[in-house]
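Colleague: For chain R, the structure is supplied; the task is to place chain S on it using the hints.
One line per chain: the protein sequences are R and S, in this order.
Taken in order, the first sequence gives residues 1162 to 1274; the numbers are from this note's numbering.
Taken in order, the second sequence gives residues 90 to 202; the numbers are from this note's numbering.
The hints are simulated quantities; they were obtained by calculation from the structure and are not laboratory data.
Where a beta carbon is used, it is the ideal one built from N, C-alpha and C, also for glycine.
Some hints here could point you the wrong way.
With a straight-line Cα cutoff of 30 Å, these simulated DSS-like cross-link-like pairs (lysine-lysine) come out [claimed, not checked]:
#1 K1211(R) to K1228(R)
#2 K1211(R) to K1198(R)
#3 K1211(R) to K167(S)
#4 K1228(R) to K1187(R)
#5 K157(S) to K113(S)
#6 K1198(R) to K1187(R)
#7 K1198(R) to K157(S)
#8 K1229(R) to K1187(R)
#9 K167(S) to K1229(R)
Now the stretches of chain R that chain S is said to cover, found in silico as 3 or more residues with beta-carbon under 8 Å [said to hold, decoys possible]:
#10 1178–1188
#11 1228–1234
#12 1247–1256
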Amino acid sequence: QQPVQSPQAVILREGEDAVINCSSSKALYSVHWYRQKHGEAPVFLMILLKGGEQKGHEKISASFNEKKQQSSLYLTASQLSYSGTYFCGTERGRDNYGQNFVFGPGTRLSVLP
Amino acid sequence: DAGVIQSPRHEVTEMGQEVTLRCKPISGHDYLFWYRQTMMRGLELLIYFNNNVPIDDSGMPEDRFSAKMPNASFSTLKIQPSEPRDSAVYFCASSWEAFYGYTFGSGTRLTVV
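Bound-form chain R, shown alone (with noise of 0.2 Å):
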């Protein structure tokens, strides 16, 4: 089942920030960030694994509360290069990848000058 994430589009002005949700209704062991510009291949961010361990990659950081089954990306005093549209992936358990692993529908974040 695909995870939801909001909002679905954004637009900031550089030096602004940002906070992207994925949400599942089904427990999660893992969830993925991903970007991906415009006409390019989705780009691995970081991951997240059970426990809640915040992440950081360059000023884009995760947080994953495993009781809400919820991811949070948070982009901060955003950059030109940060434009594009996220995924997160999330993952249900270590076995049988392609029934436990999905991406969502993405976020598209435009950043202007």
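Modeller: Leaving out everything else, chain S in the frame of chain R:
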């Protein structure tokens, strides 16, 4: 490392024709995934391999789709016969572990007319 290499980048074909997409994974990655991306359905897993063996092909939409991985450095996705609804971007991705970050190839944009 050259990353995951896919060919061709673009393919335009007529309905009913056979289409073959090619992928060279990153050396040392034991897992290879074929994904399809459309506006309507997002990123969908078609099939994945572990050590050249197909593990889960439940995402392959129809018998018209087939995939092979004859060795660790090469995989193909074949559609025969192709139909307009197969139009999409097809990504190949590889990873050293099933549930870790995946490196995607640049994708093949397939248009069936």
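Colleague: Evaluate each hint against the coordinates.
Modeller: Results of checking the hints against the structure:
no.: 1; hint: K1211(R) to K1228(R); in the structure: holds (10 Å)
no.: 2; hint: K1211(R) to K1198(R); in the structure: holds (28 Å)
no.: 3; hint: K1211(R) to K167(S); in the structure: violated (37 Å)
no.: 4; hint: K1228(R) to K1187(R); in the structure: holds (10 Å)
no.: 5; hint: K157(S) to K113(S); in the structure: holds (12 Å)
no.: 6; hint: K1198(R) to K1187(R); in the structure: holds (29 Å)
no.: 7; hint: K1198(R) to K157(S); in the structure: holds (29 Å)
no.: 8; hint: K1229(R) to K1187(R); in the structure: holds (10 Å)
no.: 9; hint: K167(S) to K1229(R); in the structure: violated (41 Å)
no.: 10; hint: 1178–1188; in the structure: violated (count 0)
no.: 11; hint: 1228–1234; in the structure: violated (count 0)
no.: 12; hint: 1247–1256; in the structure: holds (count 3)
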